[in-house]
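Peer 1: Residue strings, one per chain:
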Amino acid sequence: MKYVDEFRDGRLARTLAGAIAREASAGREYAFMEFCGGHTHAISRYGVADLLPDNVRMIHGPGCPVCVLPIGRIDMAIRLALEHPEVTLCTYGDCLRVPASEGLSLMKAKARGADIRMVYSAADAYALALAHPEREVVFFAIGFETTTPPTALLIRQARAARLANFSVLCNHVLTPSAISTILESPEVRQYGTVPLDGFIGPAHVSTVIGSRPYEFFAEEYRKPVVIAGFEPLDVMQAIRMLIRQVNERRAEVENEFTRAVTPEGNLKAQALVSEVFELRRSFEWRGLGEVPYSALRIRSAFRDWDGEAKFGLEFRSVPDNRACECGAILRGVKTPTDCKLFGTVCTPENPMGSCMVSSEGACAAHYNYGRFRDVAVRVETREAV
Amino acid sequence: MGDVKKGYVRALDLRNGRVDMGHGAGGKAMAQLISELFANAFSNHYLARGDDGAVLPAPAPGERLVMATDAHVVSPLFFPGGDIGCLSVHGTINDLAVMGARPLYLAASFILEEGFPLADLARIVASMAVAAREAGVPVVTGDTKVVEQGKGDGVFITTTGLGALPAHCELGGANARPGDAILVSGTIGDHGMAIMAQRESLAFESEIVSDTTALHGLVATLLDAVFDVHVLRDPTRGGLATTLNEIAAQSGVGMELEEPAIPVRQQVDAACELLGLDPLYVANEGKLVVICKGEDADRALAALRAHPLGRDAARIGTVTSDPNHFVQIRTGFGGRRMVDWLSGEQLPRIC
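So the protein sequences, as listed, match chains W and B. Under my numbering, the residues of the first sequence are numbered 1 to 385, in order. Under my numbering, the residues of the second sequence are numbered 1001 to 1351, in order.
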């Protein structure tokens, strides 16, 4: 595949691995957090960890939109779909299996008769509303800054077309406030129990918001940030750039993903988003709790297309399962194998916590791709006699 | 008195007609559908008798019977490279073939939805008939039911097959041993991606064609060349990854695959990339997974490649001893990861 395979080249990877091993000083440990689930997936999918020296450790961050969605928001969508027979609720596939209250998930609610559809984009939901004027089509919108502009576009389009049977349950969240929360957490700031030497900055999010919003972290918290693409070579190159910054005691924002990210980002998309959305004073994140100014809601000018207002929905906060360590895992305080539920009662087939749901989640990625590392496995092959 | 006047029966309107509840009611309309459409297309003397079942000869002495059944609910009904008709023939024949059996007979039962165009039904039945004839496996008995509009999705077809297993042949998912070679007969993911590409919400331009085909010829060629094949399986739903995990669990072994060795068509790879799917988990309907002794691998590979259905066959990995029964893969990137069971539903209604 042209323009893709080049970024997955095994030969280049080995060269880069050699360079990383040479540049990482033997005397110290390096711990970097990849914020995005996209990076987590690439690292696990391509086995990037195998190419890193032992003293370079990657910590999976909270940048998986499905993982940080609090139970209460899913409950809200389930209530809407079950209690309003006229509603067709549309959402991305990953959302369907997120465990919610009373043993339900959107998929289980669907089996109970709710009209819930999987869509690949917000535009699919919009098209469904156009095709079925007799249905109330509600798009359950999730995601970071990458998926926000398309949602904004459709809300604006719905208003222009006076499409009355379309609305949006907005759960869009913001990356920079999540990074601040992690950096402000006592484990990082006070106790130093989470050694964090730098961040791999988001790929797609940064195409929208640009590289500038991260400058604050580099400056205020003295943590280097390298924005990287989602291909495995991007990740390796970013790790090398982070190691160099640490070695040279620099804390700057660098951009490895120059083929898509500019300092100012996509101004048109930003304008669109601020036309349709405004900041929520506070929003609950799974694992991080209430995070001030970390999410968006639909402006009152577009109130008729705001599903929360339209159906009078109320958010009720629901605590996670007490044994579930998703919160600590999302903050980098624990790893999936530190959780008692991991791989026992919590598996991708029967997820208890959100990190086990999406393939971008730290637990699912480790379970699906990496759990062979937890056990001493003999991989020697002997010819059968 | 003259002869009783023969009742005039209007022929089935195969151009504009539609399935109605009468076609499943057991009366004349049903008899007409069966004789004009099904018996006509499948034409063989078992069906021609019009009895409730087919009387079949006993297998040769020493041979055993193998029976397999497969329900087909694919959506859309017609897709590049095939349709639910030929798919329903291939699916069951392949289940018999990977047991090492010579497929002999098929039974077919249809659940039709009221309102379904007879023209489409005729197309599907014709495609089944061609597939059965090409495979040399007659459809000897069948059944038709009609459900009200909205209670089905056009057509569901269940086929059941009967095959004869030679005395010496002992294939089974539990026979993989450490050191065995893992082979696949060609490119993976073609069927699943052909279906995905057809689905309305994903209308991208594509030339991906389903690989649906009957594999018993390929299997016979292989078993002629290599006597001691341990496991054969057709990696349908859940794809290659799920099939290999099934075998690993059944045999109590692990596996180690080489990612670059696994054949994937470029278009399939690109379509998977676009949709965020992994070709390892995408369905196939005309591919074979072969596990045999390491020293037989080259002979098996040569036999597969000599057959038109196995031209792209490749050795993709090795069976290992692993108490955890993990299937692992060495990525082209140079790392290692697990290839786990498919979790949840990747692509619904694929076959």
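These are calculated hints, taken from the structure and not from any lab test. Computed from a prediction, not measured in an experiment: that's the story for all the values here. Don't take every hint at face value.
[Unchecked claim] Computed list of lysine-lysine pairs in DSS-like fashion (alpha-carbon distance at most 25 Å, straight line):
| id | chain 1 | residue 1 | chain 2 | residue 2 |
| --- | --- | --- | --- | --- |
| 1 | B | Lys-1028 | B | Lys-1151 |
| 2 | B | Lys-1145 | B | Lys-1028 |
| 3 | W | Lys-110 | B | Lys-1151 |
| 4 | W | Lys-110 | W | Lys-340 |
| 5 | W | Lys-108 | B | Lys-1145 |
[Claimed, not checked] Computed list of chain W residues with no C-beta within reach of chain B, every gap over 12 Å:
| id | residue |
| --- | --- |
| 6 | Asp-9 |
| 7 | Gly-10 |
| 8 | Tyr-120 |
| 9 | Pro-292 |
Just so it is clear, CB atoms sit at the ideal spot from N, CA and C, and this is done for glycine as well.
Peer 1: For a C-alpha distance cap of 25 Å, please report whether Lys-1028 of chain B and Lys-1151 of chain B respect it.
Peer 2: 23 Å, holds
Peer 1: If you draw a straight line from the CA of Lys-110 of chain W to the CA of Lys-1151 of chain B, is it 25 Å or shorter?
Peer 2: The hint holds at about 17 Å.
Peer 1: Does Lys-340 of chain W sit within 25 Å of Lys-110 of chain W, going by the straight-line distance between their CA atoms?
Peer 2: 30 Å, violated
Peer 1: Confirm or reject: Pro-292 of chain W is not an interface residue toward chain B, with every Cβ-Cβ distance exceeding 12 Å.
Peer 2: The claim holds: Pro-292 of chain W sits with its nearest Cβ about 32 Å from chain B, beyond 12 Å.
Peer 1: Do the alpha carbons of Lys-108 of chain W and Lys-1145 of chain B lie within 25 Å of each other, as the hint requires?
Peer 2: 30 Å, violated
Peer 1: Has the given pair, Lys-1145 of chain B with Lys-1028 of chain B, been kept, meaning a C-alpha gap of at most 25 Å?
Peer 2: With Cα atoms ~14 Å apart, Lys-1145 of chain B and Lys-1028 of chain B stay inside 25 Å; holds.
Peer 1: If I take the minimum Cβ distance from Asp-9 of chain W to any residue of chain B, is it greater than 12 Å?
Peer 2: 8 Å, violated
Peer 1: Was Tyr-120 of chain W rightly flagged as not at the interface, with every chain B Cβ beyond 12 Å?
Peer 2: 6 Å, violated
Peer 1: Using Cβ atoms and 12 Å as the threshold, tell me whether Gly-10 of chain W really stays out of contact range of chain B.
Peer 2: 5 Å, violated
Going through the hint list in order, the structure does not satisfy hints 4, 5, 6, 7 and 8.
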